[in-house]
Amino acid sequence: MFDQSNLIYRYDGSFDGLLCCVFESYDQNEIPVDIVLPVSPETMLFSMKEIRTDSPKANRVLASIPKKMGVDALDFVRRAFLTCLPKKELYILLFLRLGYRHGPSVMNMLTDDVVDKLVKAVKHLDKESHLLKGFLRFSIFSNILVGEIEPKNYVLPLMSQHFCERYPEERFLIYDKTHGMALVYQPYQSAVIPIEDLELPEPDETEQSYRELWRLFYDTIEVEGRHNPKCRMSQMPKRYWKYMTEFGSSQKTSPLKLENTTKLLIP
Amino acid sequence: MDVFEKLKILTDAAKYDVACTSSGVNKKTAPGGIGSAAAAGICHSFAGDGRCISLLKVLMTNVCAYDCKYCVNRKSNDTPRASFTPRELAELTINFYRRNYIEGLFLSSGVLKNPDYTTEQMIEALRILREEYRFSGYIHAKAIPGTDSTLISHLGMLADRMSVNIELPSQSSLQILAPDKSKHSILAPMGYIKNRIQENSTDIIKYRHAPKFVPAGQSTQMIIGATPDTDFQILNLTEGLYKKYKLKRVFFSAYMPVAENTMLPTIDTKPPLWREHRLYQADWLLRFYGFAANELLDQNHQSFNPYVDPKCNWALNHMEFFPMNVNRAPYSDLLRVPGIGVNSAMRIVKARRTATLNFDGLKKLGVVLKRAQYFITCGGKALEGLKITQDAVLRSLMSEKTYLENFPHQPKSEQLSLFEQLPMIQSSLTQEDILKCLTSPT
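Line by line, the protein sequences give chains R and P.
The numbering of the first sequence is my numbering, which starts it at -19 and goes up by one.
The numbering of the second sequence is my numbering, which starts it at -16 and goes up by one.
Just so you know, these hints were derived from the structure itself, not from any lab.
There could be a bad hint or two in this list.
Said to hold, decoys possible - Covered stretches of chain P (chain R as the covering partner; in silico rule of three or more C-beta atoms under 8 Å from a C-beta of chain R):
no.: 1; region: 7 to 19
no.: 2; region: 146 to 154
no.: 3; region: 251 to 257
no.: 4; region: 337 to 343
Owing to the predicted nature of the structure, the values given are computational and were not obtained by experimental measurement.
For each residue, glycine too, the CB sits at the ideal point set by N, CA and C.
With these hints in hand, go ahead and build the complete structure from the sequences.
Structure follows, in structure tokens:
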């Protein structure tokens, strides 16, 4: 076992970049104390090492993961990379080092601190993406479904398949405000692209009336004798309410521009 | 009448139905269509009462020929009436579905004219959804007792799940409160649906593309607290329904007084949410934890312990089973430990392949040590510093609120055997205490 050196890796933020950090760690027989993005501030205490993203190196690491510790571990690491866990890069590197040593059983080492941290982070990610599959609300503008979310984790890649299968004949856009990314779909093709700022037009009459119908349904379905706001809050935390139709007219406040959207959807 | 008014009336009339999940079937969209279904189910919202909203839950009509005493829609009740046309309902469903408000439709109905006519209306709504919109989302349809079996069969080919409401747990309760329904009229369609599911499963083996009959299975619900039926009777009935009719779920609904009637609890009675909660906990133990109904309750104990959940109660009465070594015990035994659920039991089995578990590790796996600590050892050792006093055990097995409400003066250091004590505590309760417990939500 090596000591963690007084070294910080800086990488470009891509998954391939992180795999190159793993390569470097083995190549140089060293374990960094942190792995950071280019925008992170310099610290005086540790020396910073720039890790260049290099496809052949990344591919060698990528191919070795399923071989040494199984496909489940690769899938796990890919999802861990989407989480909002602080220092996730370092934990992933430490996890992979464990995996190279112990093989597929690394997935069972649930009481190990590194594995435990990542398992909980991935669970949080999975839970958030599952919740948003239900909590996301679309509004319909010129027959395009547009929805906005503000997740903690980078959930778009995990939501993509669900919505593409659900609305195969529609055109839709899901804007992730936290990460400045959007999932766009038109029949039989989808992409996740960076979007900075979008503005939505006023909803038309039909859209308005379905929103009102939904609010009416939501308010009516409650059995008053069982009113239980605490239970509702634990099932559906308040941070999700902002974009949900049943809680008033939040849609207008978001600065989405539809012109860009239309262009994106009809290339 | 516009669609707003109809939606309001027909939602209001449907809200007491509880079987509103969207789980049990995985489905891809039909070619050129819309919609899919996820086996785990997806909740789209939670109402102010904390219950999940996953389906557009409405009645086809609240006009009803029946006069069930407990029901808001009974013939003799003076309430506004409305009916959806099949097309209105289909359009509403699709428009909600496109906006991702819902997973699909939950369609029940009052009995308009007669059961057959009502079912024909429901079939037409579902036909428009499935054939015209090519909708592959989730549909749950109610089988109206007394409907011709050919129509039930037709409805079942269009729906993902069907249910027939038991309503009241015994024939005698039915006779008094639902004179138009009988045990037979409820169990006959249930048995028919079960047989059709079985036939269909062999069809699917023979012909790969045979259309599926209620692929998500059938469920039922019953009202708790409107009649004198005990928890023991209800739980036994539930177990029987799982075994005999292969039901996917049995739902319980605490009785909400909606009618003044000498045979019913008075209109100011609070719904027995506490009892409902315990029944759901016990139902979970039947379905996922390998418990039998008669392990949880018996002839001499017909009601659930108000203070501790059914699993804790069972454990306290079976201390010969404990303490259990978590590093060795089989999965099925782990499931019997209070504080260890299905997930943590699976994680224990996985994790102990690579390392010996200690209490610290168990915490990481999600075991609720506060409860489990009294029932387990790690390699022969109990948790260090663990004091088994009645006070400590009780406190950890009950919710803080219940404990403080009921035992405010319990001396802390008293060393008593809790396990002999519990029945006594129960019997020393005043009627008032029990009532308080029954009516406050846990």
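Each hint tested on the structure:
1. For the region 7 to 19 of chain P, the stated coverage by chain R holds: 7 residues have a C-beta nearer than 8 Å to a C-beta of that chain, and at least 3 were required.
2. For the region 146 to 154 of chain P, the proposed coverage by chain R is not satisfied: 0 residues have a C-beta within less than 8 Å of a C-beta in that chain, short of the threshold of three.
3. Given a C-beta distance limit of less than 8 Å, the hint that chain R covers the region 251 to 257 of chain P holds, as 3 residues qualify and 3 suffice.
4. Counting residues of the region 337 to 343 of chain P whose beta-carbon sits less than 8 Å from any beta-carbon of chain R gives 4, enough to reach three: the coverage restraint holds.
Checked against the numbered hints given earlier, the structure breaks only hint 2 and satisfies all the rest.
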